[in-house]
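One letter stands for each residue in the lines below.
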Amino acid sequence: MRKAWLALLLILVAPDTRAGGHGFAGQFWLEATGSYMPNTSADAPSVGLGEESNSARSSISGSTRALTVPMAFAGVRGGIDFVASDRWIIPFFDLGVYGAVGTYSDVLSSVDGSIVRFHPASAFMLDAELFGFGARFKRRRWMFEATVKPGVALLGISTDVADGRAFTSLDAQIAATLTLRASLSVCRRLDPEQRVCLSATPNIYQWGWGNGGTLSLRWEVGP
Amino acid sequence: MNKAILALPFALAACGITPSGSLIELDTKSVPARRATVIADGCTLDSWQLETLESYSAKAVIDEVVLLCLVPHADGTVGPSDGSAQSDLSGVVGRLQSMGYRVTLGASFVTDNGYVFDGNETANELESAAWIDEVASAIASLAASADGVDLDLEQLPARARADVTRLVATLSPKLRPKRQLSVFLPPSTVSPSDVPGGDAFDVASLSAYVDRFRVMTLDYSGAQPGPTIDSGWAVDAVRFAQQSTAPAAVDVAFPLYGNDFTLSSTEDVRLTTYLEARGLADAHDVIPERSATQELILDWTDDQKRAHELWYDDADSTLVTLGAWSESTLPISVGVVFYGFGAEDPALWDALARAEQ
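Protein chains in written order, with numbering that gives the first Met the number 0: chain A, 0 to 222; chain B, 0 to 356.
If you're looking for bench data, these hints aren't it; they were derived computationally from the structure. Computed from a predicted structure; not experimentally measured. It is possible that part of the hints are untrue.
To be verified - Here are the computed distance ranges between Cβ atoms for each label pair:
#, chain 1, residue 1, chain 2, residue 2, range
1, B, Gly221, A, Ala165, 16 to 22 Å
2, A, Phe92, B, Ser332, 47 to 53 Å
3, A, Ile173, B, Ile331, 26 to 32 Å
4, A, Pro37, B, Pro18, 18 to 24 Å
5, B, Pro18, A, Ala165, 34 to 40 Å
6, A, Thr167, B, Ser332, 48 to 54 Å
7, B, Arg94, A, Thr167, 44 to 50 Å
8, B, Pro191, A, Ser58, 17 to 23 Å
9, A, Thr167, B, Pro191, 51 to 57 Å
10, B, Ser54, A, Gly33, 47 to 53 Å
11, B, Ala245, A, Val151, 39 to 45 Å
12, A, Thr167, B, Ser54, 37 to 43 Å
13, B, Ala245, A, Ile173, 35 to 41 Å
To be verified - Calculated from the model, a selection of chain A residues having no Cβ within reach of chain B, i.e. all distances over 12 Å:
#, residue
14, Gly49
15, Arg56
16, Ile59
17, Thr63
18, Phe91
19, Gly133
20, Ala134
21, Phe136
22, Thr176
23, Ser198
24, Val220
By construction, the Cβ of each residue, glycine as well, lies at the ideal position given by its N, Cα and C atoms.
Starting from the given sequences, assemble the full structure and let the hints guide the process.
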């Protein structure tokens, strides 16, 4: 499996480096990220329950109000981009996984009339972006990049439902959103194929317009 | 490798910290402003109840006051029967109306020898058309100065179903349309009913004669220690009632009283007030615990060494429940009827007035 990944990377990355920056090639990247979402708008994550139950009710299904709780995450993301003419970036695919960091109070809300409790401290997030557009230019050992990428994000949050004196734990509940992010990066070349980048990625849309963003430190392999 | 990838989100998710006991209540920030009714036991109100009703916050929140006052007797008369009591009742009704409240008189079909519901005895009385006619006329007469009548029939056997409809059909034209007729409805969630007395009400037939059904979503735990209401169960009961209540309106009930369960005897449940619960907590040096439903629980032991579990609401827990009944969960046309006026947390009406949208 690992060999197959390496072979794919080499196919995507190698031709352009040999082509002297005038072809169509791929680059691979991996980054460590820290992100923050203030979640102040009505579009903030709303968690849905599907056909849960407790001793009072055989069926509890519905969504919470918007969980207007600021959240911070740390995680990793990796992806593959295409580069055309050493100038245009066509982000192909990337995937990220994140976990909540920081101190959070539990959140009491309701679903379909039943009292529920959420644990933001145990939240995790997955996101994926597919295609996008961007540009870059180089100056000596420095490179500057700007991209815009659409995608989807899933927020998982552990949930309990009130059942008399105590709460009953449910499976982690999921909130989903479409995303649109803009990324600005400054990269420093380490060798002809590798560089390290510092990126700032505001969330144009992610559970609300202008809902926070991400800072990341990225390692790129490519032309 | 695959297991490591799957474990990554959960490993990352372990980084967040929750301080012990900290809780953010989202829904209490805005509570839907529903038509609100308070039910008080008896024909009179004490000075504290009157003072509460005089307050700005109570006037902002409460629309209607029900005095659970009228008592039909086996001989067809309806109490209060003496002139002075009736005059006092008219005075109370007039005073409340002058404060801006609608006032309704509730008729409790309890036994003559005490405030106890005996469904079989009431069912026997309801079999007599003459008794129904006498009682309906007496109720209409006593409620002449009020804005309406509420009927409180409990623990009835299913055989009383047609007779209950006959009682309501007889009383309805004596009141409506000038005054309103409401009926307390057991909180059934299925058919046949899952609560005592539920099948005695043919809701679809009654709806032609009734302005409002009050779904009495109280005493959820029955004789077992537990919450006085579960907000989700109440939603199910209202939704079930709404399948056949149109065109009549519907209220969901909320208890202002607490239930004190004696653990050595599952049948012993005593109604308490918020202030009594606070007094017991102080006297026995016990700190109440908040349940998952946010109701307070006081575990205390009496002088006979019997363990008690007292469940009661304060303003916070009441707001949590009312907030859970969002407009998307229960239509705003559904009112709230607060049962046990006078037993509540004194801070409730101010808190509710602030929280209502």
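task = Tell me, in ascending order, the numbers of any earlier hints that this structure violates.
result = 5, 6, 9, 15, 16, 17
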